[in-house]
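One letter stands for each residue in the lines below.
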Amino acid sequence: MSETADILTQAAHWRTEGEEVALATVTQTWGSSPRPAGSQLAVTRSGRMAGSVSGGCIEGAVAEAAMMTLDSGTPQLLDFGITDERAWEVGLACGGKLKVFVEKLA
Amino acid sequence: MTPETLAALAAAREAKRPVVLATRLATGEQLLLPIEGSPLTEAADRALLRDEAATVSVGNEEWFLHPYSPPVRLIVVGAVHIAQALVPMAAHLGVEVIVIDPRRSFATSERFPNVTLNGEWPDDAMDALRPDSRTAVITLTHDPKLDDPALDRALKSDAFYIGSLGSRKTHASRLARLRALGHDDAALSRIRGPVGLNIGAVTAPEIALSILAEFVAVRRNAQSG
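If you read the sequences in order, they're chains E and U. According to this note's numbering, the first sequence is numbered sequentially starting from 1. According to this note's numbering, the second sequence is numbered sequentially starting from 1.
Extracted from the complex, chain E is given alone in its bound form:
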């Protein structure tokens, strides 16, 4: 029962279509995060999305960060949580905390 393999397949498929693709993966969670470590979101430069890293709370912020990684080629480790003011901005209402690794599919 793995869904991440299929998101990776989708991401790889977009890549072969010539899209620029970033992959975001939940690496760690604390408290009531809706998606476990290993959950993935693939985002293209053109705005296509597959998968999820939360219940929809932080996907927008992650997609934004993904664009920076597409520009720079440099991976990022993002922190979301109640101790982070940014979490309020993006509305992590569940009160959970999580880390998301964002990388570019070269």
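Keep in mind that the hints are not guaranteed to be accurate.
[Claimed, not checked] Restraint-style ranges between C-beta atoms, simulated for each label pair:
no., chain 1, residue 1, chain 2, residue 2, range
1, E, 67, U, 221, 50 to 56 Å
2, E, 79, U, 102, 54 to 60 Å
3, U, 52, E, 73, 28 to 34 Å
[What the hints assert, rightly or not] Some residues of chain U that are not near chain E, with every Cβ distance over 12 Å (derived):
no., residue
4, 42
5, 85
6, 103
7, 127
8, 201
Hints in this document: simulated from the structure, not taken from any laboratory. Since we're looking at a predicted model, the values are computed, not measured. Using N, Cα and C, we set each Cβ at its ideal position, and we do this for glycine too.
Let chain E serve as the given structure and place chain U on it in line with the hints.
Here is chain U on its own, set in the frame of chain E:
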């Protein structure tokens, strides 16, 4: 992720070989495990065993270990109406489904598109498929000639879920027959029967849903399972 890593990951998946993608979080450097002698091997084995991604500290470095296990297998015995509803739902759960039914009129690709159909007798089919601890077996035929040999083989395996469709009465006589084949009470208690969570299911898709709900509960060690 480099194209080489992506290709290696895809190849492992295609070959149904369990691998772990290790990412050094500080740099984004990636390795595909197992690699002999790697200090990450032990943690990677644990990630595969638990089928859980995790961040671990190895030698003052944080690594994210992401297991990619081959899909869990579900062997369905009986290419019946409930199976027609169950197969696409199970596929949606990311499960690899195999349907066994020697009755040619049932096991047709028209009734079961996009799924592996096995037309052997269940005992032969099960012997060839060799259910393991990542395999579930569900019998749906109600026919002792077909269900019993499949259940017999399932009980001799490490299958993590064994379910059998049938009323309490049908199930009681089924257990008596399997007992006569030499299976003791402890073994027989592995069979979920009547199969599925009690959600008052009536239609074929509802029954399929109740069976798969129970399958998920067992797989994920839910308290209600």
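Hints versus structure:
Checking the proposed 50 to 56 Å range against residue 67 of chain E and residue 221 of chain U shows it is violated: the Cβ atoms sit about 39 Å from each other. Between residue 79 of chain E and residue 102 of chain U the beta carbon distance is about 57 Å. The supplied range of 54 to 60 Å therefore holds. Roughly 30 Å separates the CB atoms of residue 52 of chain U and residue 73 of chain E, a value that falls within the hinted 28 to 34 Å. Every CB of chain E lies more than 12 Å from the CB of residue 42 of chain U, the least distance being 18 Å, so the non-interface label holds.
Against chain E, the non-interface label of residue 85 of chain U holds: every CB pair exceeds 12 Å, the least being about 19 Å. A cut-off of 12 Å between C-beta atoms confirms that residue 103 of chain U is not in contact with chain E; the least separation is 30 Å. Against chain E, the non-interface label of residue 127 of chain U holds: every CB pair exceeds 12 Å, the least being about 26 Å. No Cβ of chain E approaches the Cβ of residue 201 of chain U within 12 Å, the least distance being about 21 Å, so the stated non-interface status holds.
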